[in-house]
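**Q** One line per chain: the protein sequences are A and B, in this order. Counting along the first sequence from 1, when you hit position 161 you're at 153 in this note's numbering, and nothing is skipped either side. Counting along the second sequence from 1, when you hit position 219 you're at 238 in this note's numbering, and nothing is skipped either side.
Hints are computed from structural coordinates only; laboratory data are not their basis. Mixed in with the good hints, there may be bad ones.
Only pairs whose alpha carbons sit at most 16 Å apart, straight line, appear in this in silico EDC-like list of lysine to aspartate or glutamate [unchecked claim]: (1) K284/A x E150/A; (2) K92/B x D70/A; (3) K284/A x E151/A; (4) K92/B x E384/A; (5) K258/A x E276/A; (6) K284/A x E146/A; (7) K258/A x E151/A; (8) K92/B x E97/A; (9) K172/A x E276/A.
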Amino acid sequence: MTLRSLTTRLSLSAAVAALAFGADTGPVAAQETLRMLSWQVEDPAYGPWWRGIIEEFEAVHPDVTIEFTNVPRDSYADQMTTLFASGSPPEIVHLASFEYPNFAELGWLENLDPWIEEAGLDLDGWAGQGKCEWNGDTVCLMLLYFGTINAYNEAMFEEAGLKVPTTYEEHLEAARALTKDTDGDGFIDQYGVGLSTAGGPGQYLSEVLSYVVDAGGNWSNEQGEPTLDTPEMIEALTRWKTLISENLTPLDLASGDVRQLFIEGKIAQRVDGPWLYGIMQNAEPEILAQLKLAAPPFHPPMGGSSNIIAMPSEIDDATKQLVWDFIEITASEEQQRKFAELGASPAPMPGAVPDDIEASVPHFDLLVETMNEAAEAGVDRMPTGFEVNFNEFSKMIQEEIQRMLIDDLDPAETAARMQERAAAL
Amino acid sequence: MARQTADIGIARGSSPPPVASIYRSRWFDFNLSRPGNQHKLGYILLLPALLLIAAIIAYPLILSIDLSLQDVKIARIGSGDQPWTLVNYQRLFASAEFWHSCWVTIRLVLLVTTSCFIIGMGTALLLNQVFKGRKLARLLIAIPWAIPEVVAVIGFWWIFDSSFGVVNWTLVTLGIVERPIAWFSSGAGAFFVVTVVMVWKGYPFVSIMLLAGLQSIPEEFYEAARVDGATAWQRFLNITLPCLSPVLGPTLVLVMLWVFRDFSVIYVLTQGGPINATETLGIMTYEQAFSFFKMGYAAAIGVVTLVICAVAARFMVRRVAQPLY
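Just chain A, same shape as in the assembly:
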């Protein structure tokens, strides 16, 4: 036997063996993987919640594995866009609520109405679920709708003889009184209010929105027309300009930095979402004892949809069924209760409140109250009519407000420019 014929025989034998054993290992080969990308994998609250859902899903579907991959929030939209554009989206789609309209508009998200109907899923009263409707179809399930809360440093307020603000005027008065140079070195080291002005246009829009809704304005009306040059909007811009130009807040900080300064005792008050409570727990014990929560001094409070779960429209039917099973577990009462407990915030499912929630989240009633108040007033971070070009809209708003501050423009002039540019979008 020559070397060549020996090699040929060995190759053929290996191929036959592979085919034979391949038949035996059929179930292993059928193991399916569903991909899910999220920015919450490492999140101390929501990470364990997702892992609990994955565990429950994999127990029901032992032949399916969920690949749960972390993608940083900063590059999340880029990654998802690339995956969808390349025709290989993750089977389980997790997006911020202001991101999904672009995907829905292109028909890349499955209409969930037939699935909801078949499963008999009751979404009546589900917080923020209305924001998941796109062109008459339900394309996602809202995972969080929140109302803001006001976190404040009690010691600072008591020392200055101030009560916790309940109106904008009191908020401003406190901000002015509590912005000071405490050690006399010529530098302000304690700020009356913490506003984030460097976290990107979307964040900027959220920060300004508290003052807009309190002044009675909004970015657009229910018909989706911009309402940026109204007297209420001019009043809101005047308020924002007052706080920034009087240096009542540290400038050019992202929201994470503002929160950090707050828990370090350098900021007197910060209006933020329910997640602030978890971050507060990282404060030094002597500071943590002074950090309290109250209703925001804005009426209605700023609130909004946060993130959604959806299904790509271009996957096969069998995979769609698996993804729906996953979504259904997410929407189950048990998981919604866990969401409230782990996330320390109300779940979108009405009444999904763990019995002992007061022990772990003492301010839970406050969260429910502000969420309901914001929802009843129809407040949302995503302006009606500008969902698809939300990023462009928010950048325009940020630019014009920055121009007002840098060039010291009249808020009325800025409002008129904003209206003009919004109409052009």
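Given the coordinates of chain A, assemble chain B onto it according to the supplied hints.
**A** Just chain B now, kept in the frame of chain A:
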């Protein structure tokens, strides 16, 4: 005859091709030992590399040009092309934002490249001298270049922080300014910080390249100039600079291209703001593609940027890289 068949790789025993066909066929003559055919070996050896380059450079480039000629938002591979149109280019050239970004980019390129050249030349001349600790100094000078951009940017971000930054503290303490400067809340301030960070990151490269160039200048040139009574400034102008020009040209082109296409420094520091004061063409491309999902338009910006870079690089190499001696 036997030698010819062996050269073209024909096994013994098989019938050889007609002799005429070997000598008449120009491209299928694989007798590489002939002096006239030796260049073909070079092409054959280069072929895999050329194919690789075509795959990783030419294909995306063609794809970008194709995309720039389509009026699409989010492009999808394999979903069928839209008809070609010049609408993206028409919008681009009519857009005030585009011309503003061009102006920002040009200002940044000129400022950073010039500053890098001046500082890099100064440090290279210094490091070319003989002094104690020269090796350590050469090592230290390269550190900014070696530090990852994002790490450096975050450091500078805190240094220039409007409320708690050390720069404001120093300026106010020394009485240079009355109150802290909001660096990132003014167009000029943000542009200044971006320029400082890019110069800090870029000058070590110039320094290292010029140092290598300086070490290749024969000492005899300087000795002859000294004998002729040339001053230090004259020696620098008439010997150092001309002798460095073969290094200087490519170095400046590389720095210029780096500034042109840099993204991370600007994006992490300012995201192109405030009011687009630091929005270069690179930032604008990213924003249009991944924030506004206008990929056809973004591709058009990319293509125009490529053309500008290519023209500028060609001009720089021709003008600067000509050695005088």
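**Q** Verify the proposed pairing of K92/B with E97/A, using a straight-line Cα cut of 16 Å.
**A** Holds - the C-alpha atoms of E97/A and K92/B are around 11 Å apart, at most 16 Å.
**Q** Please work out if K284/A and E150/A have their alpha carbons no farther apart than 16 Å.
**A** holds, 12 Å
**Q** Check the hint pairing K258/A with E151/A against an upper bound of 16 Å on the C-alpha distance.
**A** holds, 14 Å
**Q** Holds or violated: K258/A with E276/A, Cα cutoff 16 Å?
**A** At roughly 13 Å apart (the allowed maximum being 16 Å), E276/A and K258/A satisfy the hint.
**Q** Taking only the CA atoms, is the gap from K92/B to D70/A under or equal to 16 Å?
**A** Given that 16 Å is the threshold and the Cα spacing comes to 14 Å, the pair holds.
**Q** Holds or violated: K92/B with E384/A, Cα cutoff 16 Å?
**A** holds, 13 Å
**Q** Are the Cα positions of K284/A and E151/A separated by 16 Å at most?
**A** holds, 15 Å
**Q** For K284/A and E146/A, compute the direct alpha-carbon distance and say whether it is at most 16 Å.
**A** Answer holds: K284/A to E146/A is near 6 Å, not above 16 Å.
**Q** Measure nothing beyond the straight line between the CA atoms of K172/A and E276/A; if it is 16 Å or shorter, mark the hint as holding.
**A** This hinted pair is violated, its Cα atoms lying about 22 Å apart.
The structure fails to meet hint 9 from the earlier list, while all remaining hints are met.
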